[in-house]
Amino acid sequence: MTSEPRSGFRYISRKRRPQEDRRFLTGQGRFVADVDLPGMKHVALVTSPYARARIRGIDTSAALGAPGVLGVLTGDELARATDPLYTGIHVPGVRRYPLAAGEVRYVGEWVAAVVAEDRYLAEDAAELVAVDYEAQEPVVDPEQAVLPDAPLVHVDQGSNVLLRKRWNWGAVAEEFAAADHRISYRARWHRSSTVPIETFGVVARWDESAELLDVWASIQMPKFPDHLANALRLPGNAVRVHFDVDVGGSYGVKRGIKHSVLVGHLARTLRVPVRLIEDRLENMRGGDAHGPDRIFDVSLAFDSDGTVRAMKMRALDDLGAYAGRAPLQLGKPVGAIVGPYTIRAVEYEAISVATNKTVQEAVRGFGQSPTNFAIEMGMDRIARQLGIERLELRRRNFIAADQFPYLIPSGSTYDSGDYHAVMDKVLDAVDYPALVARRDELRREGRLAGIGIATCLEPSGGNSSFEPLLNTRNETTTWMDSCMVRVDLSGSVTAVMGTSSSGQGHETLLSTVIGEVLERDPDTVRVVHADSLNALPSNSPVGSRMAIMLGGAGAGAARRIRQAVVAIGAHNLGVSTADVEYSEGAVHVRGTPERGLSWKEIVAIAHRKYHLMPDGMEPGLQAAFVWEVPGGGTLPGDDGRVQMYPCYAFEGHLVLAEVDRETGLISLRSYVVGHDCGTVINPDIVHGMTYGGVAHGIGAALYERFSYDPSGQLVSQSFMDYLLPSAHEIPDIRIVSHCTPSPLTTFGQKGSGESGYLGAPAAVVSAVNDALAAIGLEVNEIPLWPGALGDRIAAAEETGTGTAGNARAVPWAGPQ
Amino acid sequence: MEIKFNGEHTFPVPREVLWTHLNDPKVLTVCLPGCTGMEQIGEDVYETSLKLQVASVGGTFTGKIALTDKVEPAECHMQMEGSGTIGHATGRAAFELEEVSDSETRMVYTGTGDVGGLVAGVGQRVLGGVTKYLTRRFLTTLDKYLADEAVAAKGDGNTNPS
Amino acid sequence: MKAVDFDYVRAGSVDEVCRMLDDAAEDGKVIAGGQTLVPLLAMRLTRPALLVDINAVPGLQGIEGTTDALLLGSCTRQAEAERSELVCLQLPLLRKGLSFVGHVQTRNRGTIGGSIANADPSAEIGLVMLTLGGSVVTRSSDGDTIVPADEFFLGPMITTLMPNEFIRQVQFPVWQVEGWQGTGFQETSPRRSDFALASAAVQLVLDKDGICRRAAIGIGGAAATPVRIDAAAEGLVGTTVSEADITAAADVVREMVDPESDLHASADYRRRLAATLAARAIREARAEARRKGEGPDVEA
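Protein chains in written order, with my numbering: chain A, 1 to 816; chain E, 1 to 162; chain G, 1 to 300.
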């Protein structure tokens, strides 16, 4: 790691141990599975073995008679008692309930739920639920699903195409006509996800006397309590979600709304506390937590000097059986559709297609990483075609430091950046000529070695603008977050946040920024997670937003405390607030340090001595702050131009890979990533997320895939076949930090929760293609498994052509 | 998960004998691995139950077998479907019986199966091999059945049990 | 992922194990390290009525040397075998193979006999046993039966082991051939410690003139069971194990294996991979033998 960026901060950007470490490293985390309520009962699920089938009938009698069983719930019953789950886009023919009603649409879809004394008995009884299925022809291939004669996943919707939007930003046709060169290519990102160690879990208890549903869930979802109450047909204040539950990993996927509606309903109707903890199989096939599954067809227009003038991109996403978050994940990339480049005109078509597969959920980057992968593949192709060194090509196209704020064709303004500087730093740190020499040495030994390069952006500060962009019925223009800071009589500081955390270190974040503003030791600041009834509004940690949004809210509340302290101090010192200085909580007359009041004295005045308070000031010492997304508050234009997110972090990857010519096995020899996310609040946390993000991206590039067979069976339901990278597979990763502060945020911070993941898949593929160029082979789909790659290398060496077996390249055909 | 299987096997019996046996639910009950019962529910349609155990992995299944497109004694198609606790399967197979000699018949078979449910979700790596093994076991059991029957028949001729 | 109800007995003697299995008729199952069985139980893919735990049975653990074999108690932990000096000196091929078995954590628990009984076509321990021509000592209330490795494996996860039998001991021959012995174990899997897409185990002996006096080649993951390719090994005997000899042996391997396609690799890939890994393992073994003979590891 290179030296940290210098900062003028007291606590921010300093290397400090995250507050949460002690709890987690000593096994003291409190996860949903640790919530053990007296009399709690357990749910097991009956799930569909078919990709598509009509449910002719369900016989629950044997299960109801089994030992320890309290109840069996079917989809028809639940659909009568609840409202459909919220769908982000307008598809009235797609109604989604926790349990399938009438028809199953993917393998693993829940059909019935059994509640019993323990999970063993529940599973015993679940086997006795007899479901009479009439299997039907499923639709599995997304390119078949768009055809008019394809079976319909939702007959009422009339089409499998649930979303099709096309925008044209800039003079695309003119740029294509004027350019020296044009290329078209396909990039295929197969279905993977984030797969946390902790599966989704939820416990619910209905208090009949209070008419209140208490919920503990491993949740990372905006507006979860509202959605839950709506589906259960309860007023919002009849649902209390406890946010003090540690979430064992998420990066987007912990949105168990269907789990929670089901369990909430069961707890309410059975009048017992009910718990559902997904097992791994349930999580993999029916947790509705798969990630993007995309086919990109891209055309680029560029000049002989390497300048990329325009891009046409069509992204077809196989969203699975229900809309979920998948269509919206085609919307977010609009905000960084040109990556870090000065591409002047873009045509973008987003198509979401329903198939008989598991539902997608939000996944780290919300669709940005696949898009980056597709763009970067084009940059490499242009470089190869023109014979320009690949990094040099990118540098020629980078937005320059003096061009910020920079408006991209799709309407978002990038806040700040210095991409050239970051890459200079990376090249210095890694000794690029030595890396090239190492690659060439491997090549001389007869090996297939390559260097991969990827540069891309992390849009951050999530504001959900993709919702109004893709659904005109949705007029969301705020995506606020909040914090309340209290100073108690003893003078200690407590901050209250209104959402749960899934490993992002929010307690460290909040305590650090509050400590910074109040000049108090952050380790003395306690951070608590409210429940949804006493929390200020939050939109949860999505879209790399918490450093910006929760950090901004915490700082805002702390500033109000600081102002109150200054006001009380000045009042009691008999001077104006302009004439006092605040220092580490104490206040003294400017220039006269001996004339002052200590923190303790001021706190005591606020809490006990109202007679010493300035007129009109409320007693106590507390402040709430609700922070709106910087630059938020406007709806997208009719042309689809939108300020997607406020802040844009940058990352540049450089990786050395070797491909075993005979086995097709890829090994990564060296990995360095340059990262600029503005002001870093806590370096360990940011670096930890970046390391994990790179590993996650390597997983997407080389290992992880939810594989379906032609009949719609998910054939990778366990970790035998869904390959998560382990420490063995991840090389040493070196992070080179740079800081270009954002002008829009409290301390210049940007988001970082998706860092690493956004560029790693592109970088790994870039390295592999650099290696394979020696035998005239190019790959364009991930993950790259040794079996398939080995077959292609063998074919290429036999026939001398390298494109056999590639995902078919389809030239841009324009509107259809 | 689609599984293809094909091969050939030569039985030491005349074609008509093999044909008769292949159409005899009693014989199939004995020779189909794990078969615990077979009941005729229509012309050439049988309901079967299986308790299948391959190494540690096992379960009970119920299903249907239908024989179609018969060209006696040379050709027959078979359609199968079944489901049980750990998964479900459908399959179709075609058998051709060729006379090798008066006392030998070669069976040439091709088939495809489609397996779903848990066993496809977690067992894809070995399903192909297991299918091959079960097919072989069916053929060798039938072989042995025919041989035993021949010995018994021979016994019948030579002695006269009371 | 909760097992169905079953009875559990922690057996105290070999005879008790036999009695329990007899009593359970066909519904008993032996558990040793449980590294495969427990997930199968949890997924309800296996449903024994009785689980007979052999971990506390005296006499099933430990490694014993005879003049021409190492006898490993079936309940010997893989980690113990991996660290055993006897194994290191006399069965280096097993030691090499063990390093590919699962992870350190699973080897601490998993047993030699458990892996053999599980008969995964990609498993390393069974491959080594088969390659060296070892055998399995099975036990039932009728006593011991010695089953040669060639006969033991019938199909993927299928062996000759009957429901009333369990593995008492696994025997690995130790070669007594004059000369320099070398071993090679090569495996390719998507991730380290995944099930092998294919693997190759080779043991050979070179005499003082660098001539191969004895050789064995086994391939895992490229057929329904591990397979020993005797024709390839015999082709090496009498040669200097030149690159041409290695290519010839690999070509035989390519012809002899009978792999299946699955999600992760095609049959063609496995066939090529088996040959590639066989060649690499032969080279590894040759280099080791030549090093011992202090001869240069160069093309003769």
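FYI, nobody ran anything at the bench for these hints, they're computed from the structure. Positions of the beta carbon are idealized from the N, C-alpha and C atoms, including for glycine. Take these hints with a grain of salt, some might be off.
Said to hold, decoys possible - Covered stretches of chain A, going by a simulated chain E footprint (3 or more residues, C-beta under 8 Å):
1. 708 to 714
2. 718 to 730
Stated by the list, open to error - Some chain A residues close to chain E (C-beta under 8 Å, calculated; not the full set):
3. P49
4. Y50
5. E127
6. R285
Each hint tested on the structure:
For the region 708 to 714 of chain A, the proposed coverage by chain E is satisfied: 5 residues have a C-beta within less than 8 Å of a C-beta in that chain, meeting the threshold of three. For the region 718 to 730 of chain A, the assignment as covered by chain E holds, since 3 residues bring a beta-carbon within under 8 Å of that chain's beta-carbons and 3 suffice. Taking 8 Å as the C-beta cut-off, the interface hint given for P49 of chain A holds, the closest approach to chain E being about 4 Å. At its closest, the beta carbon of Y50 of chain A sits 7 Å from a beta carbon of chain E; the interface hint therefore holds under the 8 Å criterion.
Interface hint status for E127 of chain A: upheld, as the beta-carbon distance to the closest one in chain E is roughly 6 Å, under 8 Å. Using the Cβ-Cβ criterion of 8 Å, the hint placing R285 of chain A at the interface with chain E is satisfied: the shortest such distance is roughly 7 Å.
Going down the numbered hints, you'll see the structure goes against none, and every one checks out.
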